[in-house]
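2 protein chains.
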Amino acid sequence: MRILEIRERTVPLAGNVANAVVNFSEHTVSLVALISDQTVDGRTLVGFGFNSIGRFGQAGILRERMIPRVLAADPSTLLASDHRTFDAAAIAATAMRNEKPGGHGDRAGALGALELAVWDLNAKLGGEPAYRTIARHFGHSVERRPATVYAAGGYYYPGASMKRLREELKQYRSIGFDAFKLKIGGAPLAEDMQRIETALDVAGDSARLSVDANGRFDLDTALEYGRAMQPLGLRWYEEPGDPLDYALNRAIAEAYDGPIATGENLFSAIDASNLVRFGGMRPGKDIFQMDAGLSYGLTEYTRMIGILEQHGITRAQCFPHGGHLINLHIAVALDLGGCEAYPGVFQPFGGYPPECDVADGLVWPTEVPGFGLELKRELRTHLDILT
Amino acid sequence: MRILEIRERTVPLAGNVANAVVNFSEHTVSLVALISDQTVDGRTLVGFGFNSIGRFGQAGILRERMIPRVLAADPSTLLASDHRTFDAAAIAATAMRNEKPGGHGDRAGALGALELAVWDLNAKLGGEPAYRTIARHFGHSVERRPATVYAAGGYYYPGASMKRLREELKQYRSIGFDAFKLKIGGAPLAEDMQRIETALDVAGDSARLSVDANGRFDLDTALEYGRAMQPLGLRWYEEPGDPLDYALNRAIAEAYDGPIATGENLFSAIDASNLVRFGGMRPGKDIFQMDAGLSYGLTEYTRMIGILEQHGITRAQCFPHGGHLINLHIAVALDLGGCEAYPGVFQPFGGYPPECDVADGLVWPTEVPGFGLELKRELRTHLDILT
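Line by line, the protein sequences give chains A and B. Counting from 1, one number per residue, gives the positions in the first sequence under the numbering used here. Counting from 1, one number per residue, gives the positions in the second sequence under the numbering used here.
The set of hints was computed from the structure by calculation and includes no laboratory data. Treat the hints with caution; some may be incorrect.
Which stretches of chain B does chain A cover? Using the computed rule of at least three CB atoms under 8 Å from a CB of chain A, they are [said to hold, decoys possible]: (1) 44-56; (2) 96-107; (3) 223-236; (4) 255-268; (5) 271-283; (6) 298-312.
Just some of the chain B residues that point at chain A, by a computed CB distance under 8 Å [to be verified]: (7) 23; (8) 26; (9) 207; (10) 219.
Every beta carbon over 10 Å from chain B, so not counted as near; a handful from chain A, in silico [as the list claims (entries may be wrong)]: (11) 27; (12) 54; (13) 60; (14) 71; (15) 102; (16) 126; (17) 175; (18) 187; (19) 200; (20) 284; (21) 337; (22) 378; (23) 381.
Glycine residues also receive a C-beta, built at the ideal position from the N, C-alpha and C atoms.
With the sequences and hints as input, model every part of the structure.
Structure below.
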């Protein structure tokens, strides 16, 4: 059994939305296809993965460095010990051969896309949904169960109004979401507070509303927002400052009573370890949002969870960034606190296909083999081109 | 005045050498050319830069993200206030538009190559060597002066012997170097200690010999090497462990009396800041090796120096990684402690052209306009192809 070919394609994200820092209209995603030599009912088994949402496709790193290393390896070294599945950790290590330590940025996304495609392929080899393959591998229940989900929206659209924001959140509620996340930091504090009050009015309960500054604030601004929001008792206050500024994070955690969420821009186990050691994150309270697709894949992501658990942090505190099918399967398989959803934005990757029931803030994974990306209508053209 | 075109080329590094972690034979470098609309004596002025040595070319990130952003910008926004040079910081910020915080890896090298080309171009616009342009910009003396340099070698060559190591270092001494750096961690401790003793015998003085583990060791191994080397009083012990493991670095600094060197795998000001805050680095003692070409260029590199100085660390403690002409000009211009040299390896980028006198452990910068890359014979073909 072997991987015959690895194809990749850079896919633009649809939409004209912005958070406090970036406009997403030029962001792209790498979609990777592992073409195996295995067939089911005459069809070649292909594993698909992508590097989550919100950064960039990594065609250069995949083509020039990682794909050639994997294809040059002795195929037997890439197989699990049962020789019936591929060894995701071995493939990841092979793709990283001759890479130096440090520098966990773009290459972490390149490998994320490739490594996640291994899990899709393994699940298809077993004829089962990916959450079962992942759960079994990491020693969790393989029973079907939903993940707790929240709708991430409230971006800054050109010319958007409070009315639009209210309608956006109401629409999320109408399709089954009962918790929401709103961007802050792209407008003055007074306007952002008005946005938060508007969203609270729809959410009905401050425990159902989080806010996200996307790393924009310096310490003074972060504390100012914290003081203004403190009385509201929001669900969490996400990425107040630079994601690597552990001293700032600690200072905010010491000043702000509510939960802080961060981690979506930490792409390695050592960065996550530093966050826990130096960032003042509180066991049982704060939220960790590392995202396998941006962070070398599931092999590294589970290393991160191991580090958190060594520090008394539970997986219920983990809500991966990136609202899409892959992280839904991961959240279910690993019994995480939940995951994000971006209803209506970041197509063709964002959101879930109609086969995923969303109700009462819970979303059910797909039951077809793999991550079920083939059920995502918006993705079909891209998957077809790769196969 | 404007940049008409930005070209880039991925150049392989020559050589079959390895440190404790990687083999360099598949490493590449991005060479960037900024084609200006200015001419001198009928020749178009072109600024050249590259992303140092030891990681990878970044064609994908340059072509897909950074070059289009710079070329799409209003040219007047990329000029310094005197309109006679380009504004490197503005060009860097433009190239980073819509990039999210965090993830300081490959993209830091892509921008490093591009931003350094701006300094080469600015120096050529002024008809002066780059160290003068850089020194003037940052408020230092523009007088010609040498940098303190050491020869980095002692790599693990296939089948290498102690005799070969001795001859290698003697050869460095014969061409003007009086200080050396040796790789460790690629062999068992006993063999590495024999390598160190052999090198010390050539160096004559332990203050002239450093060792470099390239981030390979876990804490126990790092401490074991530290205990074994402690009595020798070596110049510095470089990158004992993971470059981002600040807790490990602090533990080694607390246990090992001699200077520790690190930083070549930290690619942003916030990472350098974390090293100073959490890594136990000692003012007046330890060595910082951040490298502009790997770290978003000189704009970010000087931010890092500012952070070090805020913590009582002097620029005499800075020895940039990467032994090449660009870092030589930077070390001279910014009055750094010195810089690295790789005589004979990492061609076509490593080392200095014959116009750079090397004697008594000092190396003099080139005097032609810019960084003087055109004087490097091994590079000429690549520069010609780009222009």
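Q) Would you say residue 126 of chain A is clear of chain B, with no C-beta pair closer than or equal to 10 Å? A) holds, 33 Å
Q: Would you check chain A against the region 96-107 of chain B, counting CB to CB pairs closer than 8 Å, and say if three or more residues qualify?
A: holds (count 10)
**Q.** Interface-negative label, residue 337 of chain A against chain B, beta-carbon threshold 10 Å
**A.** holds, 21 Å
Q) Are at least 3 residues of the region 271-283 of chain B within less than 8 Å of chain A when you compare beta carbons? A) Coverage by chain A holds for the region 271-283 of chain B (5 residues, Cβ < 8 Å).
Q) Far enough from chain B: is every CB of that chain over 10 Å from the CB of residue 175 of chain A? A) holds, 28 Å
Q.
If we take the beta carbon of residue 54 of chain A, is the closest beta carbon in chain B still more than 10 Å away?
A. Its Cβ does come within 10 Å of chain B, the nearest being 7 Å, so this is violated.
Q. Regarding the assertion that residue 71 of chain A does not contact chain B, is the least Cβ-Cβ distance greater than 10 Å?
A. Holds, because the least Cβ-Cβ distance between residue 71 of chain A and chain B comes to about 14 Å, which exceeds 10 Å.
Q | Coverage criterion applied to the region 44-56 of chain B (partner chain A; beta-carbon cut 8 Å; 3 residues) | A | Since 3 is at least three, the answer is holds.
Q: Confirm or reject the statement that residue 187 of chain A sits farther than 10 Å, beta carbon to beta carbon, from all of chain B.
A: holds, 19 Å
Q) residue 378 of chain A: least C-beta distance to chain B exceeds 10 Å? A) holds, 22 Å
Q) Can we trust that residue 284 of chain A is non-interface, i.e. its beta-carbon lies farther than 10 Å from all of chain B? A) Per Cβ check, residue 284 of chain A is outside 10 Å of chain B; nearest 23 Å; holds.
Q. Residue 102 of chain A clear of chain B by more than 10 Å, beta carbon to beta carbon?
A. violated, 3 Å
Figure legend: structure checked against the earlier numbered hints; hints not met, in rising order: 3, 6, 9, 10, 11, 12, 13, 15.
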